[in-house]
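*Asks:* Taken in order, these protein sequences are the chains called A and B.
Just so we're aligned, residue 1 is where the first sequence starts under my numbering, counting upward by one.
Just so we're aligned, residue 1 is where the second sequence starts under my numbering, counting upward by one.
Just so you know, these hints were derived from the structure itself, not from any lab.
Note that beta-carbon positions come from the ideal geometry of N, C-alpha and C, so glycine has one too.
Among the hints, erroneous ones may be present.
EDC-like, lysine to aspartate or glutamate: derived pairs with alpha carbons at most 20 angstroms apart [unchecked claim]: (1) LYS52(A) / GLU445(B); (2) LYS620(B) / ASP69(A); (3) LYS620(B) / GLU97(A); (4) LYS52(A) / GLU579(B); (5) LYS52(A) / GLU246(B).
Over the 10 angstroms line for every Cβ pair with chain A, so calculated as not near, a few chain B residues [as the list claims (entries may be wrong)]: (6) GLU71; (7) LEU150; (8) THR417; (9) TYR568; (10) THR571; (11) ILE622; (12) LEU645.
Spelled out, the chains give:
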Amino acid sequence: MARTDNTMDILNLQFTSSEAEEQLIIFSVGNEEYGLDVLRVQEIIRHVTPTKIPHAPDFVEGVINFRGDVIPTICLRTRFGLPPRADHEFTVIIVIEMNGKTVGLTVDQVSDILNIPAEQIQVTPELSARPETQYLKAMGKLGNRLIMILDLDKIMSINSQEQLEQIIAESNPFVTGD
Amino acid sequence: MLEQRDASFVDIDLLTAFIAETSEQIERLVMILLQIETDKDRQSEFIDEMFRLAHNIKGSSGIIGLSEVTEVMHEIEDLFTAVRNGQYALDNEAIDLLLSFADEFNNYLTKNVMTTPFAGEKWLEKFKSLTNKETAADGSSPKPVPALVLSEEEKAKVNAWQEEGKCVYEVSLKFSPDATLRCVAAVIFLRYIRTLGNVLTTAPSENLIPEENYASFRVVLFTEDQLTPEEEQSILNYPLNDGVQEINIRKWHYRSEDQRGIDLAAGDSMAGQTIRVKAERIDNVINELGKLLTIKTSLSHLYQNGYQGKPTWEQLAKILQELDQTVSTLQTGAMDLRMIPVRQLFSRFPKIVRDITKLLGKKVELHFVGEDTEIDKHIGEELVDALTHLLRNAVDHGLEDMETRKKLGKDPTGHITLSTRQEGSHIVISISDDGRGLDLEMIKEKAIATGLITEDNNLSDEEIIRLIFTPGFSTSSQVSEISGRGVGMDVVKTNLKKLQGDIDVKTEPGRGTTFLLRVPLTLAIIQSFMVKVGGQIFGIPVTDVVQSIVIKEEEIHTAGDQLIFYRYPETIPLVDLGEHFRFPFARDKTRIPVVIINSGRGHVGFIVEELIGLEDIMTKPINKAMGELHQIAGAALLGSGQIGLILNHQLIAQQLLYID
């Protein structure tokens, strides 16, 4: 636990002091590495077990107490169609600002804060209908590592028919819109 | 044609501030106008303030770039200048025009200010034509009634004179339209008035009389004693030539400074999303925050010193105690920031009442009591609609028309009192009228006619009165423009329930009706009944919890797929929250905890995993990043650090049980 907290402190210190605009926070979900614009990140916190919300979409883990505010957390594993993790030793929540709302993203591990040179970044080609590819903004190359840069604003939006139906089925059938 | 306004160049913060400030100023202007409407002679008293308000709006709209508004305000400013200079007096027509402008402008501010320019053209013309009437006047046609404007010095003289117990009269002389030689008549009349006492001032001023052709003439007269009836008669019948239409005498009543203050509410008000807070209250919060920092420092000292046995614990206990105190002061302080005096909310009511009374030809005086009582801004705003509805009902249905009132020996003017007071952790607002009272027979007939009750229902008076809160009930046999559209009291009641409040009514035939509204002081902290479902904690607002009981499996029956439970004298539908939320938990068949709630349409039982008990909780909104959460009303941070979800119990019950 102490080790994780130390790592967290160093990471938080790093990203708050980073000035360059092109800095990315690098984290992993499953076997892949992803990048997020550092300026969108508020804080990185240790994973806490969230309070589940009845009838919420499955990728919404629940809500947590973040500095006295109640914020929802999204499990990126579930969002990317991966099975949930059993252990949470390295799991962290990246607290970000999304569409004006504070949201936590649960990821497997945070590894780095990096600057990828612009010439190494490529706009994502149309890949496939797999969920995770729809949230990609660009791909970055760093040596032989491939970093997928996420488009945050698309993570919550529902753009596949299948998911839409799933969410409707999950939530209450009588929802009238208040 | 209105073009689309490009809002991108307007600074949003600036615009928000402008809207808040301007609606406040408009509101104030409306209040002054209403005051003047009932007592035209007081326009001089308020003209400086009105001018300043118009001038401010003109200035700030110019900064924002709302040039159409600036132009209209300029015209209004001109109008007020004319009044100030005694060249023009606000009559009913002008006041009506200003009031309807205020209405439209306010509407524009709240709805369209971002998108469209203000349609100022027609207002420009209308205001111009008001002042034009006067400028068009040439030597032959008379000028309109000029305002009687007292200088500060003169006002002081009037007060001093009255304080000595002496009398001040205002004598006015109105010439008929075809009168000739008005100025001569005025001078002769003035000379006669001077024989009765001292003349303070005249309108138009004495040196202007020969120059202009005024339609009327007014004198302020100081006398040692009251005028005798003979003296009054001699003034009224003063033999001038046939050009005089009427002469009036009015005694001025003495009003002390503070009495004058009561007439108009203080100018502080609020609008939209902004809130005005006394600097002192913010300072209080900041002070407490400072203390928190000190506590934090002592904590880190304690940590750095390392664990030293008992002394460490003692210090920790001391710090904890300080922290506890500071946090609770901070909490109260922060709550105070949300509190506003009800005066700010009620300032719109005189206008509303005026508009209806005008339409109905009734006369109503609205009285306020306890306007300084403070209420949570959010609750207050939610209450305004309910209060507006009740006020309209009181004027429309509650009060008799003037003829009937006269016949009954009542004051032809109806009285409605809106009084506010704090009772513990609740605010109680009452609206009382001195009208006819509720007609119990009529309510009963109506309820039978609409099938709410049957002839053989033996209801007490209390129960009959409560019927007016039943959905679909409206006592008015006609649908009128003002009230009685069938939605009414039940909506008021539902809205109050949403605020965890309630409404009650008391009535006395022939004497009037009083509606009592009770709402909590603040919504941020509510008392909640906590339960456990699937290992998680949920809260149900205690106001709707009827009872919590423990039952056995065999007491639960099914009707179709609906679980039911019989408890004398009713059958209560049950909802298994674990199953409904898909948060399963093991059920002990001999001990099933059930919370019975009032769903707004009857009792419903929620089967839960465990009953925890009452807790005061501070509710927090859950941000809408994941869309609307219909069944969850909010969240609360519990003492344990866990999050408890607050159930939207009424909605859950409605969705599951009454699908209609």
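*Asks:* Which of the listed hints are broken here?
*Replies:* As far as the earlier hints go, 1, 5, 11, 12 are violated by this structure, in ascending order.
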